[in-house]
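Undergrad: Listed below are the residues making up each chain.
Number of protein chains: 2
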Amino acid sequence: MSTLRFALAQIDTCVGDLDTNAAKVLEYSRRASEHHADVVVFPEMTLTGYPIEDLALRATFRKAAWDKAQELALKLAGDGLGGLYVAVGTIGTDHDNGKPRNRMIMLHDGVVWGGYDKHFLPNYGVFDEFRIFSAGERSKVFEINGVRVGVAICEDIWQDGGPVAKLVKENIDVLMTMNGSPYEEGKTHVRFDLACKRADELQAPLLYVNQVGGQDDLVFDGGSFAVDYDGTLIERSPMFMENLSYVDIDTDKTHQDVSTVAPVPNSDEEVYTACVLGLKDYMAKNHFTGVCLGLSGGIDSALVAAMAADACGGEHVQGISMPSMYSSDGSKDDAADLAHNIGAGYDVQPIEPLFKAFQQQLDLQSVAAENLQARIRGVIVMAYSNSRGLLALATGNKSELACGYSTIYGDAVGGYAPIKDIFKTKVWQLSRWRNEAARQGMGIGGLHIVGNEDGWAGKQVEGDIIPVNSIVKPPSAELRPGQKDSDSLPEYELLDKVLEAYIEHAHGRADLLADGFDEQTVDTVMRLVDRAEWKRRQYPLGPKVSALAFGRDRRLPVTNAFRE
Amino acid sequence: MSTLRFALAQIDTCVGDLDTNAAKVLEYSRRASEHHADVVVFPEMTLTGYPIEDLALRATFRKAAWDKAQELALKLAGDGLGGLYVAVGTIGTDHDNGKPRNRMIMLHDGVVWGGYDKHFLPNYGVFDEFRIFSAGERSKVFEINGVRVGVAICEDIWQDGGPVAKLVKENIDVLMTMNGSPYEEGKTHVRFDLACKRADELQAPLLYVNQVGGQDDLVFDGGSFAVDYDGTLIERSPMFMENLSYVDIDTDKTHQDVSTVAPVPNSDEEVYTACVLGLKDYMAKNHFTGVCLGLSGGIDSALVAAMAADACGGEHVQGISMPSMYSSDGSKDDAADLAHNIGAGYDVQPIEPLFKAFQQQLDLQSVAAENLQARIRGVIVMAYSNSRGLLALATGNKSELACGYSTIYGDAVGGYAPIKDIFKTKVWQLSRWRNEAARQGMGIGGLHIVGNEDGWAGKQVEGDIIPVNSIVKPPSAELRPGQKDSDSLPEYELLDKVLEAYIEHAHGRADLLADGFDEQTVDTVMRLVDRAEWKRRQYPLGPKVSALAFGRDRRLPVTNAFRE
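Sequence lines, in order, name chains A and B. Heads up: the first sequence at position 535 corresponds to 535 in the UniProt record's numbering, and the numbers run straight through without jumps. Heads up: the second sequence at position 442 corresponds to 442 in the UniProt record's numbering, and the numbers run straight through without jumps.
Next up, chain A with everything else stripped away, as it sits in the complex:
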């Protein structure tokens, strides 16, 4: 009888942090061994973290990673784990040309076994792998306890042909894949369908181990799984948290046993959690323990504050109300209520005296005077950040970022922008969802995310977290009397539909008109988006949750005179 117990180690790594990543491999290997695993599989580029971008090009880093792998193999053996097969990702070197390679290695018996180099190097959207790696060309099969284990790394299963196709002739018993597949709304189904297709081609079960956690502006959702040759789901790990689960592969069985199958969150919970995890990890990996942000009473800052409270606890959130002469009383109340609901610190810093001091010297009019207010607020937020060591959060959403409807160096200041990839209509939707979740018992910090394995608990809130008034009132920047967003932009219900078609689906002017949008709206939106490219480049990092996020995916020249 040939059976093999695989442990799927869905872990959160940090780019460049070889020590911590290696320690985590050791810890998960120990736990896997205690559960009688034979093989433990980690995500893509486990030791180095992923994506490492041009760090891969530093020879000193490659050497350090190589030394760390050898040290880790010895340590595993020294700890009595030498019999375990530990499959980790790391960086290798192409001996022909010295270029880095995206490599899987097997640690066993105190030795680093030669492994497998990723063949297909994605170079679209958020990926720059062809830029930094050279491609592997050989497939790889490990024979472990009589079980033939094939290997693939992430993109290798997304493309037809290559080493996975070659494995069809190799009569493998199981395909083990290591992945660094970033989150995108709805991607769970795409990955599963793809895995089923490859399992069918290979007529063998497929193990899909994915990274979890935020890394700069990417969020990895985990959601590792295993699928049988016939498309039966035999294991699914939870999303957005570290996890270790087990799959037994028995070559004598026609169908593999079904192991644990975690539930999948609904779409709002999924997106919200991705944003929270992105922020939480960005803070942890950059050594921030608290955040500060302006609270205007509007919906954007309210949602960001709620996310921040869920990420680090309300007591580590410093809200700053910065009313001007144009701020309504309702807005001030909404800001105070929100801060109270999440248990945040709350300071009021009126900007009128500062505005007057500037105006005495500068005497600005119209938009310049509006920007001045936003920039005074930016200075105050950064003063809190600098003097208290807090991460400043920018609260802009994707709709306003797309249209350039924000003040650069004003409301756009911050080190991280949690909702930069969330359209305004989705901001409202997520806010409603968060209030509903609170009613169902999800307290502050009660998400299923890394480091919090207690499930929906957290600090309970009476009533709504986000004041209903912030959700239902017409959006306004409140930079002049009676100002409304709709003075400058189409209504968001319409705007977001046009933006999605224009940006994410790359529809041109003729397509947009054929989509049924009216000419004036189309021309307004296209003009705004085309002109805002420079401003988008200056925006802080923020989590990618959509098919196309600004910053990572879309690289347009600033000096771009193309107009349809």
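In short, the hints are calculated from the structure, not lab data. Be careful, since some hints might not be right.
To be verified - Below, simulated DSS-like cross-link-like pairs (lysine-lysine); rule was C-alpha separation at most 25 angstroms, straight line:
| # | chain 1 | residue 1 | chain 2 | residue 2 |
| --- | --- | --- | --- | --- |
| 1 | B | Lys-473 | B | Lys-484 |
| 2 | A | Lys-356 | B | Lys-63 |
| 3 | B | Lys-197 | B | Lys-169 |
| 4 | A | Lys-535 | B | Lys-356 |
| 5 | A | Lys-187 | A | Lys-169 |
| 6 | A | Lys-497 | A | Lys-484 |
| 7 | A | Lys-187 | B | Lys-99 |
| 8 | B | Lys-253 | B | Lys-140 |
| 9 | A | Lys-484 | A | Lys-535 |
| 10 | B | Lys-187 | A | Lys-99 |
| 11 | B | Lys-99 | B | Lys-63 |
| 12 | B | Lys-68 | B | Lys-24 |
To be verified - Now the in silico label distances, taken between C-beta atoms and shown as ranges:
| # | chain 1 | residue 1 | chain 2 | residue 2 | range |
| --- | --- | --- | --- | --- | --- |
| 13 | A | His-287 | B | Ala-506 | 19 to 29 angstroms |
| 14 | A | Pro-263 | B | Lys-166 | 56 to 66 angstroms |
| 15 | A | Arg-138 | B | Lys-187 | 33 to 43 angstroms |
| 16 | A | Val-264 | B | Val-168 | 51 to 61 angstroms |
| 17 | A | Ala-506 | B | Gly-186 | 32 to 42 angstroms |
| 18 | B | Arg-531 | A | Tyr-124 | 22 to 32 angstroms |
| 19 | A | Glu-137 | B | Gly-186 | 35 to 45 angstroms |
| 20 | A | Arg-531 | B | Asp-347 | 26 to 36 angstroms |
Note that CB positions come from ideal geometry on N, CA and C, so glycine has one too.
Given chain A's structure and the hints, the job is docking chain B onto it.
TA: Structure of chain B alone, referenced to chain A:
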């Protein structure tokens, strides 16, 4: 007898501006025809501009470019230029997979001839071509008036093998290359040596036509040339300006006749001019006619102001002195002198009252209080920018950018950063050079650059342009009493050497110690550079003049915990 007159059309294109680029092709073709040219050769991606980045992925743009090429072919024929062979670069489509291609087409007799697709797609440093294009696989030879003309596009001659190697068997009479090769100090020699190597392989003359002008953060220096099969220089176009020159290829001659050979500027003039051209084109292509910047009396803002005056005329430069309680009288005088020398507008906006107003509310200490001063200045600079439609210039140099020695949203604000790729020691060197050039008759705006073909003239200046005091005094941010840069940083003479080794040559810690730098300096510099990654991402665009400029070439993860 087989002779062919080639016109080398070194032009400045704008990305996405199909109309203007096509009009320029028409104009240069007309001039070439008047000089009896048979073939006129334009730079890489002439019609679309270069580099077009992800704009290539928009189907509507590709269609518009294709339509424009056909319209242009007809227009050339309609204007009596149908007999001319007009070689232009544009974007094509790979019919197998729909991906864009970097294409050369030949316009002749009112028709767009099928052309040649670039084979080697650079994907390192500033280049992202493999990301957006698919690779051509066939070489191409045009037979024109009995002369066999081979074609290559830029990177095709930088790599061994490929279509150029195939041309060796094709017995071509001349290789015509279209290039979009960005400026880098000292690259002129590298290009020439490379061209000689290929000409020798082909045993045929090589024509190298390069783009000129600034495009976002790249500067193309032109410097087109032709080299005979034996390495003899037969033509060299001037750098940094549009130009049309001619090369006769006579297949009956053993050696081709030498045409015009433009002089090459010295290294300081070259770098200075690259910065000025980058700024000038960034302004023109983004429709700015003037700039504003803070003038501190220090060397960085003085050099940037001089460059700005050379780019757009002193009368379009608005200097703003923003003294604080810590500003020395010397600094205020130096700022005023500089503004006077270049003929700039000059306003004084003391920041003390504003600083006091903020401090009354915030009571900040130490670095937070220093940053507050810089951010108040940032607000003022942006107020000038917004209210007067001026391009705000950031005056930071590469040394401080590398070390994070600047205030984000403070002195780093601006739309363009002319010296972001210039180390501090080079800032002094260029300042001295500019003063010396003025003594030799180079007035304000008197550079050999696009749009100014009058040579070294410009508005004459009496004495120095940049006050000697700004050059010789110890650098200080003047944000607290008696502050000096050397309180926080190693002396610049040393710092810049370490930075160059660490950043541009990717030396690791052990290498740097082996280079002879002392341990404390090495550790200080590495720590500063490693921590400043996020701040560098927020920096405005600026011209690349070195082997490795921040922004374009170096993509490091922000959350990067690798420490040697």
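Undergrad: State for each hint whether it applies.
TA: Do the hints match the structure? See the list:
1. Between Lys-473(B) and Lys-484(B) the CA atoms are separated by roughly 10 angstroms; this keeps the pair inside 25 angstroms, and the hint holds.
2. Under the criterion of a C-alpha separation no larger than 25 angstroms, the hint pairing Lys-356(A) with Lys-63(B) is inconsistent with the structure, at around 52 angstroms.
3. The hinted pair formed by Lys-197(B) and Lys-169(B) meets the criterion: a straight-line CA distance of about 16 angstroms does not exceed 25 angstroms.
4. A hinted pair counts as satisfied when its Cα atoms are at most 25 angstroms apart, and Lys-535(A) with Lys-356(B) does not qualify at roughly 31 angstroms.
5. For the hint pairing Lys-187(A) with Lys-169(A), the CA-to-CA distance comes to about 30 angstroms; that exceeds 25 angstroms, so the pair is violated.
6. This hinted pair checks out: Lys-497(A) and Lys-484(A) have alpha carbons roughly 20 angstroms apart, not beyond 25 angstroms.
7. A hinted pair counts as satisfied when its Cα atoms are at most 25 angstroms apart, and Lys-187(A) with Lys-99(B) qualifies at roughly 24 angstroms.
8. Our distance criterion of 25 angstroms between C-alpha atoms is met by Lys-253(B) and Lys-140(B), whose separation comes to about 24 angstroms.
9. About 21 angstroms separates the Cα atoms of Lys-484(A) and Lys-535(A), which keeps this hinted pair within 25 angstroms; it holds.
10. Distance hint between Lys-187(B) and Lys-99(A) is fulfilled; the C-alpha atoms sit about 24 angstroms from each other, no more than 25 angstroms.
11. Distance check on the hinted pair: Lys-99(B) and Lys-63(B) sit about 13 angstroms apart at the alpha-carbon level, within 25 angstroms; holds.
12. A threshold of 25 angstroms between alpha carbons decides the hint, and for Lys-68(B) with Lys-24(B) the separation of about 13 angstroms falls inside it, so the pair holds.
13. At roughly 26 angstroms, the beta-carbon separation of His-287(A) and Ala-506(B) lies within the given 19 to 29 angstroms, and the hint holds.
14. Between Pro-263(A) and Lys-166(B), the C-beta spacing of about 59 angstroms keeps the proposed range 56 to 66 angstroms intact.
15. Remark: the range hint 33 to 43 angstroms for Arg-138(A) to Lys-187(B) is upheld by a beta-carbon distance near 38 angstroms.
16. Restraint check, Val-264(A) to Val-168(B): a C-beta distance of roughly 59 angstroms satisfies the suggested window 51 to 61 angstroms.
17. Separated by about 40 angstroms at the C-beta atoms, Ala-506(A) and Gly-186(B) satisfy the suggested range of 32 to 42 angstroms.
18. At roughly 31 angstroms, the beta carbons of Arg-531(B) and Tyr-124(A) sit within the given window of 22 to 32 angstroms.
19. Remark: the range hint 35 to 45 angstroms for Glu-137(A) to Gly-186(B) is upheld by a beta-carbon distance near 37 angstroms.
20. Evaluation of the 26 to 36 angstroms hint for Arg-531(A) and Asp-347(B) yields a pass: the beta carbon distance comes to about 28 angstroms.
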